[in-house]
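Quick mapping for you: the protein sequence lines, in order, are chains P and R. Going by our numbering, the first sequence opens with residue 1, and the numbers climb by one from there. Going by our numbering, the second sequence opens with residue 1001, and the numbers climb by one from there.
No lab work stands behind these hints, which were simulated from the structure alone. Built from N, CA and C at the ideal position, the CB exists for glycine as well. It is possible that some hints are incorrect.
Which chain R residues stay away from chain P? Per the calculated CB distances, all over 12 Å, these [as the list claims (entries may be wrong)]:
id	residue
1	Lys1014
2	Gln1017
3	Thr1020
4	Arg1068
5	Ser1073
6	Pro1075
7	Thr1102
Using C-beta positions, here's what the derived DEER-type ranges look like [claimed, not checked]:
id	chain 1	residue 1	chain 2	residue 2	range
8	P	Arg50	R	Asp1059	23 to 31 Å
9	R	Glu1062	P	Tyr95	19 to 27 Å
10	R	Glu1062	P	Asn109	44 to 52 Å
11	R	Asn1053	P	Lys69	35 to 43 Å
Here are the simulated lysine-lysine pairs, DSS-like style, with alpha carbons at most 25 Å apart [to be verified]:
id	chain 1	residue 1	chain 2	residue 2
12	R	Lys1057	P	Lys99
13	P	Lys56	P	Lys69
14	R	Lys1009	P	Lys107
15	R	Lys1071	R	Lys1083
16	R	Lys1083	R	Lys1070
17	P	Lys26	P	Lys107
18	P	Lys111	P	Lys69
19	P	Lys56	P	Lys99
20	P	Lys99	R	Lys1014
21	P	Lys26	P	Lys56
22	R	Lys1057	P	Lys26
23	P	Lys107	P	Lys56
24	P	Lys69	P	Lys26
25	P	Lys99	R	Lys1071
26	P	Lys70	P	Lys107
Single-letter residue listing:
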Amino acid sequence: SQQGEEDPQALSIQEGENATMNCSYKTSINNLQWYRQNSGRGLVHLILIRSNEREKHSGRLRVTLDTSKKSSSLLITASRAADTASYFCATADSYNFNKFYFGSGTKLNVKP
Amino acid sequence: DGGITQSPKYLFRKEGQNVTLSCEQNLNHDAMYWYRQDPGQGLRLIYYSQIVNDFQKGDIAEGYSVSREKKESFPLTVTSAQKNPTAFYLCASSIRDGSGYTFGSGTRLTVV
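When you get a sec, could you build the whole thing from the sequences and use the hints?
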């Protein structure tokens, strides 16, 4: 299966700390994306990194991609209570880059 | 405002009933998708459509049916053949360039 796997499954930190989540996948990808889901809501697209990129930034988010290890990480710096949510990685395979496979997510709790 | 609308937000189904979940988008996106999410789990692809009047099965299509008669609409019917339909259903749409999905806010289906 192409499905990514996030690690850890759950993460609890204090406000102001950094949060790091990891994603591993199994086959060649076109790109990898990270999404956020607040409880009981739809997913919101955060950031996309293409297979030929190694690092990307967007505000307090930093994403890295290591295609040799088939892994990615999402770093949220200076976390806030409002960052509390589940975070999912999604991979699009090389043959059908419009079809995404989602991992099971990391549930982040940021304590005020 | 452009977006993707799912209705209803909550739906209750009796045993043996078919129910239809609505998904409408005004983003002019070609592709639309249906995912199922079980508690604490990732998303699993049910059906997707890359163009009007065409759709393909995802990983868990059994017990579900879809239609794509209009670009804006991609309704999902949960049939009585789906033995465990209680879940959170998410609809998404995208431009066909691999840049990511826009999600609706979801429909929570419960069998009573």
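Here is what the structure says about each hint:
No beta-carbon of chain P is positioned within 12 Å of the beta-carbon of Lys1014 of chain R; the least distance is around 23 Å. Against the 12 Å criterion, Gln1017 of chain R stays outside the reach of chain P, whose nearest CB is about 24 Å from its own CB. Every CB of chain P lies more than 12 Å from the CB of Thr1020 of chain R, the least distance being 19 Å, so the non-interface label holds. With a minimum CB-CB distance of about 15 Å to chain P, Arg1068 of chain R clears the 12 Å threshold, and the non-interface call stands.
Once the 12 Å rule is applied to beta carbons, Ser1073 of chain R is consistent with being away from chain P; the minimum gap is 17 Å. Non-interface call for Pro1075 of chain R relative to chain P: holds, since the shortest CB-CB distance, roughly 17 Å, exceeds 12 Å. Separation of Thr1102 of chain R from chain P is inadequate, the least Cβ-Cβ distance of about 7 Å not exceeding the 12 Å criterion. Distance hint check for Arg50 of chain P and Asp1059 of chain R: the Cβ-Cβ separation is about 25 Å, which falls inside the suggested range of 23 to 31 Å.
In this structure the hint that Glu1062 of chain R and Tyr95 of chain P lie 19 to 27 Å apart at CB holds, the actual value being about 24 Å. A beta carbon spacing of about 35 Å between Glu1062 of chain R and Asn109 of chain P contradicts the range 44 to 52 Å that was offered as a hint. Roughly 42 Å separates the CB atoms of Asn1053 of chain R and Lys69 of chain P, a value that falls within the hinted 35 to 43 Å. For the given pair, Lys1057 of chain R sits about 12 Å from Lys99 of chain P by alpha-carbon distance, which is consistent with the 25 Å threshold.
Distance hint between Lys56 of chain P and Lys69 of chain P is fulfilled; the C-alpha atoms sit about 17 Å from each other, no more than 25 Å. With a C-alpha separation of about 23 Å, the suggested pairing of Lys1009 of chain R with Lys107 of chain P holds against the 25 Å cut-off. The hinted pair formed by Lys1071 of chain R and Lys1083 of chain R fails the criterion: a straight-line CA distance of about 30 Å is larger than 25 Å. For a cut-off of 25 Å, the pair hint linking Lys1083 of chain R to Lys1070 of chain R is broken: about 29 Å separates their Cα positions.
Between Lys26 of chain P and Lys107 of chain P the alpha-carbon distance is near 22 Å, which keeps this suggested pair within the 25 Å criterion. With a C-alpha separation of about 32 Å, the suggested pair Lys111 of chain P and Lys69 of chain P falls outside the 25 Å cut-off, and the hint is violated. For the proposed pair Lys56 of chain P and Lys99 of chain P, the alpha carbon gap of about 22 Å is at most 25 Å, so the pair holds. With a C-alpha separation of about 32 Å, the suggested pairing of Lys99 of chain P with Lys1014 of chain R is violated against the 25 Å cut-off.
A threshold of 25 Å between alpha carbons decides the hint, and for Lys26 of chain P with Lys56 of chain P the separation of about 21 Å falls inside it, so the pair holds. The straight-line distance between the Cα atoms of Lys1057 of chain R and Lys26 of chain P is roughly 22 Å, inside the 25 Å bound, and the hint therefore holds. Pair hint Lys107 of chain P plus Lys56 of chain P holds up; C-alpha atoms about 22 Å apart against a cutoff of 25 Å. Only pairs whose Cα atoms come within 25 Å are accepted, and Lys69 of chain P paired with Lys26 of chain P is accepted, the gap being roughly 9 Å.
Proximity of Lys99 of chain P to Lys1071 of chain R is assessed by CA-CA distance (about 18 Å); at most 25 Å being required, the pair is judged to hold. Distance restraint check for Lys70 of chain P and Lys107 of chain P: the Cα-Cα separation of roughly 21 Å lies within the 25 Å cut-off, and the hinted pair is therefore satisfied.
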